[in-house]
Amino acid sequence: MQRMERVEVNIPSNPIFERVVRASAAEIGETLGFSGDRIEDLKLAVSEAVNNAIEHGNKSEAHKLVEVVFALDQEKLEVRISDQGAGIERLDFSRRIVEEQNLEEGMLRGFGTYLISALVDDCEVSSSQTGTVLTLRLYRKGQTQ
Amino acid sequence: MSDVIRREEFGDVAVLHIGTPSVDGVSAAAIEAACAEMRPITVLDFSNVSFINSSGISSLLKFVVTARKAGYKLFAMNVSPHHQKIFKMVEMSRFMPTIEERDLATYR
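Quick mapping for you: the protein sequence lines, in order, are chains A and B. For what it's worth, our numbering labels the leading residue of the first sequence as 2, then goes sequentially. For what it's worth, our numbering labels the leading residue of the second sequence as 13, then goes sequentially.
The hints are simulated quantities; they were obtained by calculation from the structure and are not laboratory data. Please read these numbers as outputs of a predicted model, since none were measured by experiment. In this text, a Cβ means the ideal position worked out from N, Cα and C, and glycines have one as well. One or more hints might be untrue.
Some residues of chain A that are not near chain B, with every Cβ distance over 12 angstroms (derived) [what the hints assert, rightly or not]:
| hint | residue |
| --- | --- |
| 1 | 28 |
| 2 | 66 |
| 3 | 129 |
Think about it this way: if two alpha-carbon atoms lie no more than 30 angstroms apart in a straight line, the pair counts; the simulated DSBU-like pairs of lysine-lysine are [as the list claims (entries may be wrong)]:
| hint | chain 1 | residue 1 | chain 2 | residue 2 |
| --- | --- | --- | --- | --- |
| 4 | B | 85 | B | 74 |
| 5 | B | 97 | A | 77 |
| 6 | A | 60 | B | 74 |
| 7 | B | 97 | A | 142 |
Computed from the model, here is a short list of chain B residues facing chain A with C-beta under 7 angstroms [what the hints assert, rightly or not]:
| hint | residue |
| --- | --- |
| 8 | 37 |
| 9 | 65 |
| 10 | 66 |
| 11 | 70 |
| 12 | 73 |
| 13 | 94 |
| 14 | 102 |
| 15 | 104 |
| 16 | 107 |
| 17 | 111 |
| 18 | 112 |
For reference, chain A alone in the conformation it holds in the complex (with noise of 0.2 angstroms):
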């Protein structure tokens, strides 16, 4: 049977604490002998997801909560986002880069949902009217340094 342990963070919603999560995954993914370069992509990857949930998921009430739960395997690291808010309808992992167009509209945001997807090996969303939960995982085959 394999060995699993568990990591639980939770922040009011407050993008300070961002920080919190972002260094306990910092820590995580040294612990588990990823690259430099694989632990960026787990730091920006949760950020952004942190972000999405306190922004869009909680409204940014400061009093409902962001649970981060980082559960570590044999196999894989996985991550799961919630928040407390009404759900979503879907989220949009679609590529977005910067366009001449956007530049001219204003339109400067959007990028954290692509840059989650790019940056690990698998994510996926589930909501309800209770919350939202964005699954994260990455691998830990030929992931090491």
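Given chain A, put chain B in place with the hints provided.
Showing chain B alone in chain A's frame:
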């Protein structure tokens, strides 16, 4: 000028040294405020930056928009390999190419 950005100027060149390690939603407003300090050639120095997320990219795009409107040139300097990868992924590098510190010497 805030602690987040330290400005250096010579001739038509402004070098904006980003002092915060995190270019994110928390530091975005202070970084964007430096758009008002741009010159015909503006260089953003990332040597102290260890993290950039999409909120940070949005704040950097304000410099791109300002430069395009004013006809200014915008460059990035001392960008880490990981951040170069991210800039390439979102094609930010098309609008803010990198410049080597030694190339700045020609303007001094």
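Against the structure, the hints:
No Cβ of chain B approaches the Cβ of residue 28 (chain A) within 12 angstroms, the least distance being about 14 angstroms, so the stated non-interface status holds. Listed as a non-interface residue, residue 66 (chain A) keeps its Cβ farther than 12 angstroms from every Cβ of chain B; the least gap is roughly 18 angstroms. Residue placement check: residue 129 (chain A) keeps its beta carbon more than 12 angstroms from all beta carbons of chain B (closest about 26 angstroms). Annotation: proposed proximity of residue 85 (chain B) to residue 74 (chain B) holds, straight-line Cα distance about 13 angstroms (limit 30 angstroms).
For the hint linking residue 97 (chain B) to residue 77 (chain A), the alpha-carbon distance of about 24 angstroms falls within 30 angstroms, and the restraint holds. Of the supplied pair hints, the one linking residue 60 (chain A) and residue 74 (chain B) holds, its CA atoms being roughly 24 angstroms apart against a limit of 30 angstroms. The hinted pair formed by residue 97 (chain B) and residue 142 (chain A) meets the criterion: a straight-line CA distance of about 22 angstroms does not exceed 30 angstroms. Satisfaction of the interface hint for residue 37 (chain B) is found here, the shortest Cβ-Cβ separation to chain A being roughly 5 angstroms, below the 7 angstroms cut-off.
Below 7 angstroms, beta-carbon pairs count as interface contacts, and residue 65 (chain B) has one with chain A at about 5 angstroms; its hint therefore holds. For residue 66 (chain B), the shortest C-beta to C-beta distance to chain A is roughly 4 angstroms, which falls under 7 angstroms, so the interface hint holds. Interface hint at residue 70 (chain B): satisfied, since its Cβ lies 5 angstroms from the closest Cβ of chain A, which is below the 7 angstroms cut-off. This hint holds: residue 73 (chain B) has a C-beta 4 angstroms from the nearest C-beta of chain A, less than the 7 angstroms allowed.
Proximity of residue 94 (chain B) to chain A holds as hinted, the smallest CB-CB distance being about 4 angstroms (cut-off 7 angstroms). Annotation: residue 102 (chain B) was flagged as interfacial toward chain A, and the flag holds, the nearest CB pair being 5 angstroms apart, inside 7 angstroms. For residue 104 (chain B), the interface hint holds, the least distance from its beta-carbon to any beta-carbon of chain A being 5 angstroms, beneath 7 angstroms. Interface hint status for residue 107 (chain B): upheld, as the beta-carbon distance to the closest one in chain A is roughly 6 angstroms, under 7 angstroms.
Taking 7 angstroms as the C-beta cut-off, the interface hint given for residue 111 (chain B) is violated, the closest approach to chain A being about 18 angstroms. Because the smallest distance between the Cβ of residue 112 (chain B) and any Cβ of chain A comes to about 22 angstroms, over 7 angstroms, the interface hint for this residue is violated.
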